[in-house]
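A.B. asks: Listed in order, the protein sequences are those of chains A and B. Just so we're aligned: the first sequence equals residues 1 to 345 in our numbering. Just so we're aligned: the second sequence equals residues 346 to 488 in our numbering.
To be clear, the hints were calculated from the coordinates, so they are not data collected in a lab. There may be inaccurate statements among the hints.
Label-pair ranges, simulated between beta-carbon atoms [said to hold, decoys possible]:
id: 1; chain 1: B; residue 1: R434; chain 2: A; residue 2: I331; range: 19 to 27 Å
id: 2; chain 1: A; residue 1: E320; chain 2: B; residue 2: R434; range: 37 to 45 Å
id: 3; chain 1: A; residue 1: T13; chain 2: B; residue 2: P469; range: 15 to 23 Å
id: 4; chain 1: A; residue 1: R36; chain 2: B; residue 2: W442; range: 28 to 36 Å
id: 5; chain 1: B; residue 1: R434; chain 2: A; residue 2: G9; range: 45 to 53 Å
id: 6; chain 1: A; residue 1: A125; chain 2: B; residue 2: M429; range: 30 to 38 Å
id: 7; chain 1: B; residue 1: E465; chain 2: A; residue 2: L62; range: 48 to 56 Å
id: 8; chain 1: A; residue 1: L8; chain 2: B; residue 2: E444; range: 36 to 44 Å
Residues on chain B that point at chain A, a partial pick, calculated with CB under 8 Å [as the list claims (entries may be wrong)]:
id: 9; residue: L357
id: 10; residue: A359
id: 11; residue: N374
id: 12; residue: N402
id: 13; residue: V415
id: 14; residue: D455
The beta carbon of each residue, even a glycine, is placed where N, CA and C say it ideally should be.
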Amino acid sequence: MTRVTSFLGENWTLLSPALFGFVGIYFLLPQGRRSRPLPGALLGAAALLLAGWLLVAAVGPLPESILFYAFAGLAILGGGLMISQKNPVHAALSFALIVLASCGIFLLNAAPFLMAATIIVYAGAIVVTFLFVIMLAQQAGISEADQRSREQFLASLAGFVLIGGLLCVLHRTYQNNDLDSAMATLRQVADANTPAEIKEIMGDPKKMGDPKKIRRLAMMEELKKQLPQEHTEIDNLEGDWARMDVPALTSRARRLLSSHVRVGSLVPTEKHLSKNSGVAPNDPDAWKTTSSGALTERLPARNVAALGKSLFSDYLIPVELAGMLLLVATIGAIAIAGRRQEALR
Amino acid sequence: MTPVGLQSYLVLGAILFGLGAIGFLARRNLILMFLSAEMMVQGVAVNLLAFSRFRGNLGGQVLTLFMITVAACEAAIALALILMLYRRRKSLDVSLWQELREPDQDAVIDEEPLPLPPMEEPSPRLTPAGPAPQKREEEVSHV
């Protein structure tokens, strides 16, 4: 019980938007005579704004973050609208909104080809086919099934327990700013050449009370806490720093950086992996080239050419199988839907 | 000041996935259930592309491309099935197919009546005032 309360006390900032969203969606879902869309919409908007405020507080007003929050807000708004609409035509149009907003997210993630493909396939083909089927099936107007939900309380509870759990896990996994800044410093050390540069980065070990030096010692403690298996290596790093042995220091920093790649991830360490799709996940060289702590863009700029190279080298058999699957699905759809004519005769 | 990190994209993917799950569980229209499943697929695609960018490997983009392919196949088959189910029952309500449930489950019966459709306002009627106009021969013949 105490563990539950302490968990709630630690994560209430994450869980409160999920709670607002849960109550909002519960009210928004169509439920016959008891539908209350207005408080549901207000609570949903509160959840969206609260979550946005929590996230925006952490990052600055860069163009990327503004675009991200605009597209993400649109996508989530479209999701809420889609599952709460009584009219299926409006729901299909809200789905088109979700697709367009997530295409903006795809573009932010350096995937212009997939953005175009998604717009053409989803918004162009699938949504239009859906609208066609809806028009065919619902000529009499909104049916009874659209005015009621099935177990709306349990369904929204299950969904938001899932969302809350995922948020907490993601927060716990990725909220490691201390480790990231320590790794950024290590990258600078790995690129350094002279004792003066090391002194610039980590402070002078002989000078007492140097604020830079105190901060770096705290960084070493943080590293020891995060990478317990590299304890001796970090101690040796401290010794090299005290002796100002630059070659030993840089090589040790490189080794620590490559060990960071292996921490907590399912990276096959020995196996040879293809480099046709970009950096191999177990390639330690990939992490040495970065000099600042900021995100490094390593995806090729020529997206379509690189995607084609990857598709026709690493993924050749899946491409053939996908073509086969499309053919089989076409034949299957015709076989299933075209049976009525036989029955009529 | 840091740019948007991997975590924000993963959060967006998780929220889209969860909303899709709610829609799939709660809605009773077959087409809406299928659209909710597609929304969950979109959440997964956002995740994959974010990983692809932050790891510098195109594998995530290739996987998303295959996902779009499979989603298109799935949409074709699912719409054909939905059309066939609609022809059998003349409705898209999944609850009409609840004889497929497990033998120890209770049937879902709607007890609450639906809200009445909104009353249409009667169109206004004008009371005739004064004598009716006389119709001339040629006017009537022209009509």
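A.B. asks: Each of the hints needs a verdict: does it hold here or not?
C.D. replies: To see whether the hints hold, each was checked on the structure:
Taking 19 to 27 Å as the suggested C-beta distance range, the pair R434 of chain B and I331 of chain A conforms, at roughly 26 Å. In this structure the hint that E320 of chain A and R434 of chain B lie 37 to 45 Å apart at CB holds, the actual value being about 39 Å. Checked against the hint of 15 to 23 Å, the C-beta distance between T13 of chain A and P469 of chain B comes to roughly 58 Å, which is inconsistent with it. Checked against the hint of 28 to 36 Å, the pair R36 of chain A and W442 of chain B passes, with Cβ atoms roughly 29 Å apart.
In this structure the supplied range 45 to 53 Å holds for R434 of chain B paired with G9 of chain A, their Cβ-Cβ distance being about 51 Å. Range check, A125 of chain A to M429 of chain B: Cβ separation about 20 Å, and the 30 to 38 Å hint is violated. Checked against the hint of 48 to 56 Å, the C-beta distance between E465 of chain B and L62 of chain A comes to roughly 54 Å, which is consistent with it. Look at L8 of chain A against E444 of chain B: about 43 Å separates their beta carbons, and that is inside 36 to 44 Å.
Because the smallest distance between the Cβ of L357 of chain B and any Cβ of chain A comes to about 5 Å, under 8 Å, the interface hint for this residue holds. Annotation: interface hint on A359 of chain B holds; nearest CB of chain A at approximately 4 Å, less than 8 Å. Restraint check, N374 of chain B versus chain A: the minimum CB separation of about 5 Å is within 8 Å; hint holds. For N402 of chain B, the interface hint holds, the least distance from its beta-carbon to any beta-carbon of chain A being 4 Å, beneath 8 Å.
Annotation: V415 of chain B was flagged as interfacial toward chain A, and the flag holds, the nearest CB pair being 7 Å apart, inside 8 Å. Annotation: D455 of chain B was flagged as interfacial toward chain A, and the flag holds, the nearest CB pair being 6 Å apart, inside 8 Å.
In this structure, the earlier hints numbered 3 and 6 are contradicted, and the remaining ones agree with it.
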